[in-house]
Amino acid sequence: MKNNKIFISGDEAVAVGVKLSRPHVIAAYPITPQTITVERLSDMVEAKELDAEYMHVESEHSAISATMGASAVGARTFTASSSQGLLYMTEGLHYCSGGRYPVVMMNANRSVALPWSIYGDQRDSLSLLDSGWIQVYVEDAQEALDMIIQAYKIAEHKDVLTPMMVNLDGFILTHTYELVDIPNQDEVDQFLPAFITPNKMSFEDPKNLGFSSKPDDNTEFKYQQNEAMFNAIPVLQDVDKEFGSKFGRTYHGMVEEYKCEDAEVVLVALGSVCGTVRVVIDNMRKAGKKVGLLKIRYMRPFPEAEVKALGKRVKAMGVIDKDISFGYEGTVYTNVNSALSKIDKHVFKQNFVGGLGGRDITKNEIEAMFNKLFLGISSEQEEKVEFFSLNVETNE
Amino acid sequence: MKEIRWHGRGGQGGFTASRLLGIAASVHGNKHALAFPSFGPERRGAPVLAFTKIDDTKLNDRSEVEESDYVVVMDETLIDSGFSKGIKTGATIVINTTQPERYRALLPSYTIMSIDASKIAMEILGRHITNTAMYGALAAASDLVSLDAALESIKTEMKPAIAEKNMRIVKLAYETVKNQM
Chain A
1193 MKNNKIFISG DEAVAVGVKL SRPHVIAAYP ITPQTITVER LSDMVEAKEL
1243 DAEYMHVESE HSAISATMGA SAVGARTFTA SSSQGLLYMT EGLHYCSGGR
1293 YPVVMMNANR SVALPWSIYG DQRDSLSLLD SGWIQVYVED AQEALDMIIQ
1343 AYKIAEHKDV LTPMMVNLDG FILTHTYELV DIPNQDEVDQ FLPAFITPNK
1393 MSFEDPKNLG FSSKPDDNTE FKYQQNEAMF NAIPVLQDVD KEFGSKFGRT
1443 YHGMVEEYKC EDAEVVLVAL GSVCGTVRVV IDNMRKAGKK VGLLKIRYMR
1493 PFPEAEVKAL GKRVKAMGVI DKDISFGYEG TVYTNVNSAL SKIDKHVFKQ
1543 NFVGGLGGRD ITKNEIEAMF NKLFLGISSE QEEKVEFFSL NVETNE
Chain B
59 MKEIRWHGRG GQGGFTASRL LGIAASVHGN KHALAFPSFG PERRGAPVLA
109 FTKIDDTKLN DRSEVEESDY VVVMDETLID SGFSKGIKTG ATIVINTTQP
159 ERYRALLPSY TIMSIDASKI AMEILGRHIT NTAMYGALAA ASDLVSLDAA
209 LESIKTEMKP AIAEKNMRIV KLAYETVKNQ M
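Line order of the protein sequences matches chains A and B.
Heads up, the first sequence is in this note's numbering, so the first residue is 1193 and it goes up one at a time.
Heads up, the second sequence is in this note's numbering, so the first residue is 59 and it goes up one at a time.
Because the hints were derived from the structure by calculation, they are not lab data.
All of these numbers come straight from a predicted model, not from anything done at the bench.
Just so you know, not all the hints are guaranteed correct.
[Unchecked claim] Under the rule of at most 20 angstroms between Cα atoms (straight-line distance), these lysine to aspartate or glutamate pairs were calculated in the DMTMM-like manner: (1) Lys-223/B to Glu-233/B; (2) Lys-1507/A to Asp-1536/A; (3) Lys-1478/A to Asp-119/B; (4) Lys-1197/A to Glu-210/B; (5) Lys-1482/A to Asp-1454/A; (6) Lys-217/B to Asp-1454/A; (7) Lys-1197/A to Asp-206/B; (8) Lys-1555/A to Asp-206/B; (9) Lys-1478/A to Asp-206/B; (10) Lys-1555/A to Asp-133/B.
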C-alpha cells in the first residue's frame, strides 16, 4: 500500500479531513487557535482543490446560521470555532441540534474570558454539553483527521441526524506538527457516500423547517432529540469498526481503556493529556503499580455503561478536568460520578482540576494523582476536589 | 526520547527548522517526531522558542519540554542569565557565533559547538536567515538525523526555488561542524 504520510499540525489535519469529506458549504470565522484550519480550507477552495462554497461570514453566529441553512436543504457543511467564538454561536448550536441538521464542527479547545486567554483548556465545549451536539475529544492529529471523516457518517446517519463537534486541544494539538497518514480519496468516497437529507425542501414533498411548537408537542420533539443521541451510540461504534477495517485505525468507540485489565487505580481524562498519562502509566507499571487510563472520547452521548463497568473492576478513580463548574466541581467529574452512583459498590474518587488557560500538566503531577488515589484507598479518606497545580482542595 | 530546543527571534525561521528536523526524523528517518513552537502570540524580532521531540516509538508525551538534550541558538544575543534552565547536564549546545571560547567558559557543563551561520547564510542566500545553517550544524553535532535525511526534508518542505540553496547551506554547515569534531 502506498505510504502517504505527511508532517502536519492538528489544524492542518482537520482541514485535510474536511477536504476528503467533500463538504458543499464551509462557513467559519477565524479565531486563534483554529485559524490555520479555516485558512487552509479557504486556500483549497480558492485553488479549486475542493469544490465547495466558502462563505466569508462576519461572525460565528452567522457561521452556524449559514451552515444550518445549507444543511437544511441537503448540503454537507462544515464550520469551526473556539472559545469566545463558540460561545457566540451558542444560540445557533441549540437551533441546529433541535432542527436535526447534521453540521460537523471542529472546536479548538481554548479557555474562556475573563481573564482573556488564547491558550488551551476545555471550558468552552464542556459548558455546552446540553446544546444537543455530539461531542468527541481527540488525542492527536491523526485522530482529529479521522474523526472529521467519521463525524459526517455518524451525524448524517438516518437514526442520528444530530450535529457533531470534534474537539482538539488548542495549541497542544492544533499547533503541534506530527506525522499523519492521509487516507486515499477514493477510499474515503466509498466509506462516506453523499448525504441525502430526509428533510429536503421541494415542491413535490413540502415540509416545515425551522418550526415552532406549542406545549402539546414540544416534549415529543425533545424526546426524539434525546433518543437520537442514544441512537448515536451503536452508530458511532459501527462507524469506528468500519473505519478500522477500511483504513486500519480504530479508536474503540465511546472510550478507550489503556492498561485497565488488572488496574486497581485509574485516571479518567479527555483529549491530549491522555497521551502524557499513558507515559506515566508505562513508567509506574515498571515499578509494579497497577494503574490505568480511561480515555473518554465522547462526552455526549455519555459513556455511562463503560464508566460503570470499569467502576466495578477498580478501587479508585481520579478524574482530570481542564475545566471547573464554579461553585461545584469539574464537569467531567460530575458526569463520571453520576454514572458511578448507579453501581452497588464504593469506589474512591478524586477530582483533579488543572491545565487551565494553557498551564502544562506534567508527568510528575500525573504520578502524584495516582499516588493520592492509592493513598485514598488505604486511608478511607473523603473524596476531594483539588486544583492540583495549586495544591489546594476546594471542598473542605 | 530526545528533546531539542531552538532559540531564535520571530521571523528567523526557528520553528521551520524545528519542523525540518521532525520531517527528517519521521518522514525520512523511520522515527517518531513532534515539532511545536512556544505557544502564543507571534511577534517579529521577539525571542521565540521552538521544540522538536524525537523517539523510536510513538510520542505520547504532550507535556512541555523540561530537559533538553540539544539546544540550538540562532542568535547569540539570546543567551541570557536564565538560558541554562531546562538543559540536561552534558547536553550539546550549537551556537551561531565566531567566539565559541566565550561560551565554553560561560556554560562549562555542556558541549559547545559553534558555526558562523550568519556568514554561510549571507554567502549563499544573500540574506541573514540562519535557520537551515543551524539545522545542518545540529545534524552534524548529533546523531538525530543523517545528512541525507536532512537534505530530503528540505526538498519535502521547501519550494524548489529556495530548496536548492538551502540544501547547499545544510551540506556546507554539516561539513563545517564535522571538520571541527
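Do the hints match the structure? See the list:
1. Lys-223/B to Glu-233/B: holds (16 angstroms)
2. Lys-1507/A to Asp-1536/A: holds (13 angstroms)
3. Lys-1478/A to Asp-119/B: Since the Cα atoms of Lys-1478/A and Asp-119/B sit roughly 17 angstroms apart, the hinted pair holds (cutoff 20 angstroms).
4. Lys-1197/A to Glu-210/B: OK: Lys-1197/A and Glu-210/B at ~15 angstroms, within 20 angstroms.
5. Lys-1482/A to Asp-1454/A: Holds. Lys-1482/A to Asp-1454/A sits at ~7 angstroms (cutoff 20 angstroms).
6. Lys-217/B to Asp-1454/A: With Cα atoms ~52 angstroms apart, Lys-217/B and Asp-1454/A exceed 20 angstroms; violated.
7. Lys-1197/A to Asp-206/B: holds (19 angstroms)
8. Lys-1555/A to Asp-206/B: violated (35 angstroms)
9. Lys-1478/A to Asp-206/B: violated (37 angstroms)
10. Lys-1555/A to Asp-133/B: The hint is violated at about 31 angstroms.
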